[in-house]
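Colleague: Sequence:
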Amino acid sequence: MKPFSNHRRTACTIAAISAAFGLAAHAQEVTVDGTRDAFGPEGYTLLHTQTTATNWIEGSQQSLANIYAKQEAGTLFLHIAGKIDGNACILFIDSKPGGVGFIRNNLITSGGEEGAINNMGTTATAGLTFENGFLPDYAVRIYGAGTQGHINTYDFTTGVRTYAGDSGTVGGAASAFVSGARTFWGEVTPAQYATANLGTELALSLAAMGVPQGSQNVKVMAVLVNGGSDYASNQVLGNRSAVTTDIGNGINAINFQTEPGTQTLTFPVLNNDTDNDGEPNDIDTDDDGDGLLDTEETHTGTYVSPTNTGTNPLIADTDGDGGSDGDEVLYSYFGFLSNPNIANYVSMGVVGSFTTPPWQVNGPPETEMTTVDTGITDQYQWKLDYRFATLGAIEYKFAADHSYTHSWGDGANNITGLIQGTGFHTFSFNNATLARSLVRKVFPNVTAYLTAYGVTASSDPDADGVTSANEFTKNSDPTVADTDGDGVNDKDDVNPLAASRNIVFKVNMSVQTTMGLFNPATDTVVVDFFNGLVGNLADLALTPAGGGVWTGTLTAFEGPPGTSIGEFKFKSSHPGAPDGGYEGAINNRTLVLGPVDVTQTVDVYFNDVTTPPGGGYSTWATANAGGQAPNLDYDQDGMANGIEYFMGQTGSTFTPNPQVVAGTITWPHSAAATGVTWRVWSSENLSSWTDVTASAVDSDGTLKYTVPTGSPKRFVRLEVVA
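Take 0 as the starting number for the sequence shown in numbering that gives the first Met the number 0 and just add one per residue.
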């Protein structure tokens, strides 16, 4: 409830001022229900009726039929009629000075589903370009299938996406500057574009959108796109006059400054009464009606005192946590003085894959976190000591007030963690800074340790030969004989809290070289980790090991045996390589951890391709030697094409002849050089040659011939027949 501020102003003063200006409180006339009343008190103003028939008619007519607007006090209501089934409508809003003139591919940086906006950009300096004079500050995305109407808001200044909820359900959705939303789709034919009145209805806070005080224009534009925002229909509100084809994949390059028609729609607003109390802002000492004087709400974002709160004088609940700024500062909304600039929550829980059943937002008491302190600086810090009985990877997130409405993961993904030893672990989370951790709990003393596990100092409940008091010294689990599950009893385990081993990654690039998709002289290979235990690791750079093989090692990688490390792929830096250099022909790779201290090896061919498609030399020659015969020399370096194929070279750059080193001449021998025969010849005079193939050694990606000791001058050549 809004606190009654009789310590600030008297009721008679308010009444007198209202009477003097002829103002009176009135009920909201617009009902946010997804239906625009054709007649009656809602009194919407038509901004535009669609003039281009939709191309998206498979299954159902999907269209943006018309758009209406109305202002009531500090709220701008918009109604977009039409139907979007499995696709999305994106509404761009220019509400204040500033904004962006085009969409760049990194505009939205946090909150998840960033691609819904960023996919309309091509680079950091180019993308969808708006009409001159239209510089949107925000976007609202309405999407879903069937009766769904999910609402996302995007702030182009902060780069933050916020999920408001499903406006297709009773009760609608609200978040950020959207104070209410309801979606009720209705299929519309082109003949009904002018009369359609079912769709999405939005209530937008002028104050939250930063609309300046006084008479202002709010500009909008809507586009109909697919779920990934990388393909657009032919419809825009305003319009693309005389254009009937889809924008299509060009949505990230379209320039509305050169498109026919006017895409931007303008609606004038008068932003004078933020709290809708009938008292104009120029004489209202509490514009947002939160019980704090405007002079106390200093809008710095930092709470100092009750008379310097740092809050926004135009937003009653600056931090959006359900408690008005006045309640938090003066009336102890949460039972203590709470910072009105940073959201506080009544409860915080850890939900995840580790509970039974998993992902219980109304989970058991043992997953409820507690605040470290209620002081103004520590009231956002939460912690939970949880006892794990099972080893392995887990996924989890933090959820406030038993709801996913306010929940935090790893960006758009769940947080991944690894339980390497049974026993107590501590989850920590700060909902102000979003700092988080999951670590094994360290007990302050043996008494706290014994109490937590419910054991006595001299007991040995796991029969591992170590008393509970002595297990405290290693912080192992006194109730499990092998805390880290590595097969070594805690008594004999040097490190009973983690099992580790080396993981060697080896990828053979010789076939890619033969196919002209990799140049070992200039290109590199990395292991790119995607998720799971390796999800947060940097790319692992590999180094050449001979024979076309590249290798690298994760040293002392920790995790219980039998646990998946997550997913990864090898990636080449070769310019123009298919799939951005990734192994696009196969699914993501994975690996299950083996025994402790036993090296594991991933040994594969890139893309699992062990022979060149289409076969041997001809494929190589087409890609690398202009299709020439093996006896010719395409790059004029003195090395025949067939020999360069044998050696795994590109055939289009200089290849030096191998030299004799310590009496031995060594040629590279590519494993991908299939379908060839070879011989090594020796001569003393260049006129008569002896076949010495039997004395040559072909192994580990090389062919070696050692000149006999004491021989006179020798000439050696390699012959390759492809």
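To be clear, the hints were calculated from the coordinates, so they are not data collected in a lab. We put the CB at the ideal spot given by N, CA and C, even for glycine. Heads up, some of the hints might be wrong.
[Said to hold, decoys possible] Restricting the straight-line Cα-Cα distance to at most 27 Å, the calculated cross-link-like pairs of lysine-lysine (DSSO-like) are: (1) Lys473 to Lys440; (2) Lys490 to Lys440; (3) Lys712 to Lys490; (4) Lys505 to Lys473; (5) Lys473 to Lys382; (6) Lys382 to Lys396; (7) Lys473 to Lys490; (8) Lys382 to Lys440; (9) Lys505 to Lys703; (10) Lys218 to Lys95; (11) Lys69 to Lys95.
[Said to hold, decoys possible] Distance windows between CB atoms, simulated: (12) Ser402 to Thr466: 44 to 54 Å; (13) Pro577 to Gly674: 45 to 55 Å; (14) Val591 to Asp32: 27 to 37 Å.
Colleague: All hints are to be evaluated individually against the structure, with a verdict given for each.
Modeller: Right, here's what the structure says about each hint:
1. Lys473 to Lys440: holds (12 Å)
2. Lys490 to Lys440: holds (20 Å)
3. Lys712 to Lys490: Judged against 27 Å, a Cα distance of about 68 Å means the pair is violated.
4. Lys505 to Lys473: Cα-Cα ~36 Å, so violated.
5. Lys473 to Lys382: holds (23 Å)
6. Lys382 to Lys396: With a Cα-Cα distance of about 13 Å, the restraint between lysine 382 and lysine 396 holds, given a limit of 27 Å.
7. Lys473 to Lys490: holds (10 Å)
8. Lys382 to Lys440: holds (11 Å)
9. Lys505 to Lys703: It holds: about 24 Å lies between the C-alpha atoms, which stays within 27 Å.
10. Lys218 to Lys95: holds (10 Å)
11. Lys69 to Lys95: holds (18 Å)
12. Ser402 to Thr466: 44 to 54 Å: Given about 45 Å between the Cβ atoms, the range holds.
13. Pro577 to Gly674: 45 to 55 Å: violated (24 Å)
14. Val591 to Asp32: 27 to 37 Å: Given range 27 to 37 Å: violated, Cβ gap about 53 Å.
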